[in-house]
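Take the sequences, apply the hints, and build the full model.
Chains A and B, in that order, give the protein sequences. Quick note: the first sequence uses this note's numbering, first residue 53, plus one each step. Quick note: the second sequence uses this note's numbering, first residue 150, plus one each step.
Please note that the accuracy of each hint is not assured.
[To be verified] List of simulated lysine-lysine pairs, DSSO-like, C-alpha gap at most 27 Å: (1) A:K135 to A:K76; (2) B:K421 to A:K187; (3) B:K421 to A:K219; (4) B:K421 to A:K300; (5) B:K291 to A:K300; (6) B:K421 to A:K92; (7) B:K295 to A:K296.
These aren't lab readings, by the way, just hints derived from the structure by calculation.
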Amino acid sequence: MAALLQVIELSKSYKLSGHWFNQKTVTALDPLSFEIQAYKTLAIIGETGSGKSTLAKLLVGAEIPSTGKVRLNGQTLNAENFKQRCQHIRMIFQDSGTTLNPSLTIRQLLDEPLKLNTTLNEAQRTQLIQDTLQKVGLLVDHMNFYPHMFSGGQKQRISLARAIILKPQVIILDEALASLDPSLRSQMINLLLDLQQQMGLAFILISHNLGIVRHFSDDMMVLADGKVVEYGKTADILNQPKHKFTQKLIMSQHFQLLHK
Amino acid sequence: MNLLDIRNLSIELHSSHNSILAVDRVSLSMKEGEVRGLVGESGSGKSLLAQAIIGVLDDRWHVHADRFHWRGRDLLRLTPEERKVVISQDVAMIFQEPMACLDPTASIGEQLEEAVNSEQLSGYFWQKSQQRKIAATKLLHKVGIKNHELCIRSYPHQLTEALCQRVMIAMALAKKPLLLIADEPTAAMENSNQGQIFRLLASLNQLKNMSILLISHDLENVTHWTDTITVMYSGQFVEAGTTKQIFTKPYHPYTRALLDSSPKANIELPAKSRLMTLPGSIPILQHLPIGCRLGPRCPRAQQECVQAPKVKNFHGHQVSCHFSLRDNY
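Okay, here's the thing in structure tokens:
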């Protein structure tokens, strides 16, 4: 089976402004390659500054890669073509409270991507918004609410609704579960798993909670200083970490795993 | 003797129309040298409770309690000034987001020297500034910062978050407190840094016999570091007991659900299976259910649950539920 998303030798480096002769470059991400199938989840873990957020930005098109390319269904995605990319690769951010525009109702929020990317008329758009809200476990009446009227868990669901409304194939979760309360977090995990089964989504999960990574992902990738130190099946890596960095990361959380 | 003994503490918010019971009859006791975890999701009133202990709630909040003793002294009978003296002598608090709590315009050294208790300094006035500097350096050594010269000169934004939290702990230690209240000390911190901070707190507890009240929203993060745990939900007392009791045999359906919903605690759970969850979301303060506030979400709720349950005590394992899971084990 051909991979849904193929990343080939993707890298990012920044030029520091300097004199002509002593221009320095900072490498945020060394070239890396991976691929994801539909219905699968890839988890990316690493410390701050390890390049995991840079990778997310490159995939979603917010940054232009220095080298390499991203292929979706065998088709290379152009770095400047947002219209093509944003329909297929969507992102959910860590803090849903600040990523929703407070001056728009939920209906307007969800309407925007539809207006920009589809040719649906108004009635069809409304219908689609209602369906999507129900899919993420909200009510149709919530359409006319403003973001401040929702709790943190519900806001995260709205972000999810905004991500899935264009029927994407890949969703990137950038620490999307970290700021939620435990009981809401497990609700959200269940919802994401259900949607994955229904829609055949591929998730890229950026997280530092190894419990969630173990439960949620099929493959995982460990990043350190912009380099891939380990990449493979989640169960294999968590059971037998080979690299020192991975071992350290697991050790720092392992006591909690062993406690019971 | 109990260090801190609180019985049925309620915190009420009076507004023009109505009053809201934000914390409803919560009991908490701390022994000397104990590490107690206070666990609750957002809106459970755990931070309010900590602020009530410190006494920094403003006038809109009204605190009542059947008993509110600090080392045998009734705090509710003291005037605010007397109370401040008693509390500031023995209790210290550290907050989440240490970078936001430190003064960005002053260097770490200045802030630490400010925190040093001048009564501990001996000597003439011209010697005091030198002694203050030495005391600040010693405090930094206590929290495991070896490169004290660089640290004293730097400003909060130049340090990492874990270092800032260490500095906060150093400031809290300046008065040699008997009780340290840590309000989510590792929220928004990297995992490896979390471990560092918890290890530091554990070693302070061991070496100085300092009691620690560790507040957290996540049960799975604190279980390794605490002796006893108190669980709260939406301002109500849920369950208290030793960490082992809570973790292996939770009596309350809410604690059970918290443990079941944690993928870390259930290592045997097959990957990608559904997690156990409570339906619904945490009620907001304006619309609290009557009786047991977990009622609408609870899998075991029955008619009696509209009445708030009394706290039952089984060999030190306290639970507040009409239909506790005790008989299931």
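Comparing the hints with the structure gives:
1. For the proposed pair K135 of chain A and K76 of chain A, the alpha carbon gap of about 33 Å is over 27 Å, so the pair is violated.
2. With a CA separation close to 19 Å, the supplied pair K421 of chain B and K187 of chain A stays within the 27 Å bound.
3. Between the alpha carbons of K421 of chain B and K219 of chain A the distance comes to roughly 22 Å, so the proposed pair stays at or under 27 Å and holds.
4. Distance restraint check for K421 of chain B and K300 of chain A: the Cα-Cα separation of roughly 25 Å lies within the 27 Å cut-off, and the hinted pair is therefore satisfied.
5. Distance hint between K291 of chain B and K300 of chain A is fulfilled; the C-alpha atoms sit about 25 Å from each other, no more than 27 Å.
6. Distance hint between K421 of chain B and K92 of chain A is fulfilled; the C-alpha atoms sit about 10 Å from each other, no more than 27 Å.
7. Taking the CA atoms of K295 of chain B and K296 of chain A, the gap is about 25 Å. The hint holds against a cut of 27 Å.
When the structure is compared with the earlier hints, a violation turns up for hint 1 alone.
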